[in-house]
Amino acid sequence: MAFEPKIVGFLCNWCSYTGADLAGVSRIKSAPNMRIIRTMCSGRVDPAFILKAFQLGADGVVVMGCHLGDCHYQEGNYKTIRRIPFLKKLIEQFGIDPRRLRLEWVSASEGDRFAEVVNEFTQEMRTLGPLKLPVHELMGKNGERAKHAVHE
Amino acid sequence: MAKPRLALYWAASCGGCEIAVLDVQEKILDIANAFDIVFWPVAMDFKYDDVRRMDDKSIDICLFNGAIRNSENNEIAELLRKKSKVLVAFGSCSMEGGIPGLANLTTKDDILKFVYKDSPSTVSTNGGTYPQTHTKMPEGEIEIPEMWDTVKSLDQVVDVEYYIPGCPPQPEQIWNVVSYILSGQPLPPSGAILGAGEKSCCDECTRTKSEKKLKQFYRPFEIQAKPDECLLEQGIVCMGPATRDGCGALCPKAGMPCRGCYGPPPNVSDQGAKMISALSSVIDAHEADEIDRILNQIADPIGTFYRFSLAHSLLRRVDKHETH
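For the record, the sequence lines run as chains A and B. Quick note: the first sequence uses the working numbering, first residue 1, plus one each step. Quick note: the second sequence uses the working numbering, first residue 1, plus one each step.
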């Protein structure tokens, strides 16, 4: 069977999630590869969420938020435009192709744009192939006690 | 009543944790009086066989420092787990890989190749002489432990009751923990972090903090830092915001940025991710080009943000396949 990438999408509640809804009610077809996680703001997406997605086997991660200036919380997405490039540098050092992490602005009225981003990104991940990280193997080994959660 | 039995061990570590224990100074005599020290390779003459002969769970408390870097570290971790009632990951290396964990930035093969062949100070003959786990000698075969490709923390190989962070743990914090145990009060729930606080390093730092807006980062040698202002506000990457308190903010008080040895603060799983979050909030730029220019001033994010915690981070080690 051909490789189908697993994609995690963090969508802001106010714009992009509504945009995804619009794509749905407008019957715009898009690739079924993305697992959507709704967050209140793209600025709510802690960098650890993204690393955790890769740790648990995501081949790519998309963060979608309101266009700059449109943030429901005024400037949440300005934090995101600094975080994502920063994280791209970090994951590249970890040995992950930075194209596997993408930031896109999708407003509530851009259902077509939503579908376009999903299709385009899914296609790109198909080309890049499955992401195999050493941590997947390390955590799967017998007897490995991965207390990855917080030390509490 | 018999004295509680105490063991101390060092795996892949520098010995600093052992010095920190001795740095409780004259109180070391109280420790020696209160406990029956049954194993402490750095200070007293014991053999592994002495430990193997002990009954299971006969050590009341074992302070284990150092990361798990080779088969010997792993073997002794498993042995001490079996023999101890309470196993404590003592210090950064044992808790989260520490400095030895930075070996996870590369591979065992690359490390051996550099050390035994390519290093400028090595004269290599016949393409380098590499250590072998088994060597035949006239008297018989000798064996040395096998180095691992990936460095691990203690809790990645055995169950651990408590953690004492720090590189090294501060002597007064060690004494706090020891005197608490000696007081006979009930021990905290398993998994607790002892000898540290519940806030971030900034909370203990005495430098003046105002609003942070950063357009320029410096490495410590590039700037003469003002003595009383927050180092991060002056553009020096200080790990304070993403590091647990408990050390007394020693480094920033002495003019050096926090390096993060006390590990992530409560409820944070990944120190580097939290540092990216913190810095992204204080970078003063709204344009992609400007953001990129500022981010490029931060040399080596992975080595800076995960200096002590790489082996215990979400991704644990660098992958050498996809981008190399």
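Everything labelled a hint here was simulated from the structure, so no lab data went into it. Using N, Cα and C, we set each Cβ at its ideal position, and we do this for glycine too. Treat the hints loosely; a few may be bogus.
[Unchecked claim] In silico DSBU-like pairs for lysine-lysine, Cα to Cα no more than 30 angstroms straight-line:
no.	chain 1	residue 1	chain 2	residue 2
1	B	K320	A	K88
2	B	K215	B	K199
3	A	K89	B	K82
4	A	K89	B	K209
5	B	K213	A	K52
[Claimed, not checked] Away from chain A, derived, C-beta distances all over 10 angstroms, residues of chain B:
no.	residue
6	Q25
7	A43
8	Y48
9	R52
10	E75
11	Y130
12	K136
13	G197
14	G255
15	D270
16	G272
17	K274
18	A288
19	D292
20	P301
21	V318
Now for the hints, and whether the structure bears them out:
For the suggested pair K320 of chain B and K88 of chain A, the alpha carbons sit about 16 angstroms apart, so the restraint of at most 30 angstroms is met. For a cut-off of 30 angstroms, the pair hint linking K215 of chain B to K199 of chain B stands: about 27 angstroms separates their Cα positions. For the hint linking K89 of chain A to K82 of chain B, the alpha-carbon distance of about 42 angstroms lies beyond 30 angstroms, and the restraint is violated. For the hint linking K89 of chain A to K209 of chain B, the alpha-carbon distance of about 28 angstroms falls within 30 angstroms, and the restraint holds.
Simply put, K213 of chain B and K52 of chain A have alpha-carbon atoms about 29 angstroms apart, close enough for the 30 angstroms limit, and the pair holds. With a closest Cβ-Cβ approach of about 29 angstroms to chain A, Q25 of chain B is found to remain outside the 10 angstroms limit, as its non-interface label requires. At roughly 28 angstroms, the least C-beta separation between A43 of chain B and chain A is larger than 10 angstroms, which holds for a residue marked as non-interface. At roughly 21 angstroms, the least C-beta separation between Y48 of chain B and chain A is larger than 10 angstroms, which holds for a residue marked as non-interface.
The claim that R52 of chain B is not at the interface with chain A holds, since no C-beta of that chain comes within 10 angstroms of its own (minimum 20 angstroms). Here E75 of chain B stays apart from chain A, with its beta-carbon at least about 14 angstroms from theirs, past the 10 angstroms limit. With a minimum CB-CB distance of about 23 angstroms to chain A, Y130 of chain B clears the 10 angstroms threshold, and the non-interface call stands. Consistency note on K136 of chain B: stated as away from chain A, and its beta-carbon is indeed over 10 angstroms from all of that chain's, at 32 angstroms minimum.
In this structure G197 of chain B is separated from chain A by more than 10 angstroms, as the shortest Cβ-Cβ distance comes to about 13 angstroms. Against the 10 angstroms criterion, G255 of chain B stays outside the reach of chain A, whose nearest CB is about 26 angstroms from its own CB. With 10 angstroms as the threshold on Cβ separation, the claim that D270 of chain B sits away from chain A is violated: the shortest Cβ distance comes to roughly 5 angstroms. Consistency note on G272 of chain B: stated as away from chain A, yet its beta-carbon is not over 10 angstroms from all of that chain's, at 7 angstroms minimum.
Taking the minimum C-beta to C-beta distance to chain A, about 7 angstroms, the non-interface status of K274 of chain B is violated against the 10 angstroms cut. Residue placement check: A288 of chain B does not keep its beta carbon more than 10 angstroms from all beta carbons of chain A (closest about 7 angstroms). Its closest Cβ contact with chain A, about 6 angstroms, brings D292 of chain B to no more than 10 angstroms, contrary to its assignment away from the interface. Residue-level check failed: P301 of chain B sits 5 angstroms from the nearest beta carbon of chain A, not beyond 10 angstroms.
The claim that V318 of chain B lies off the interface is violated: its Cβ sits roughly 5 angstroms from the closest Cβ of chain A, which falls inside the 10 angstroms cut-off.
Consistency with the previously given hints fails for numbers 3, 15, 16, 17, 18, 19, 20, 21, ordered from lowest to highest.
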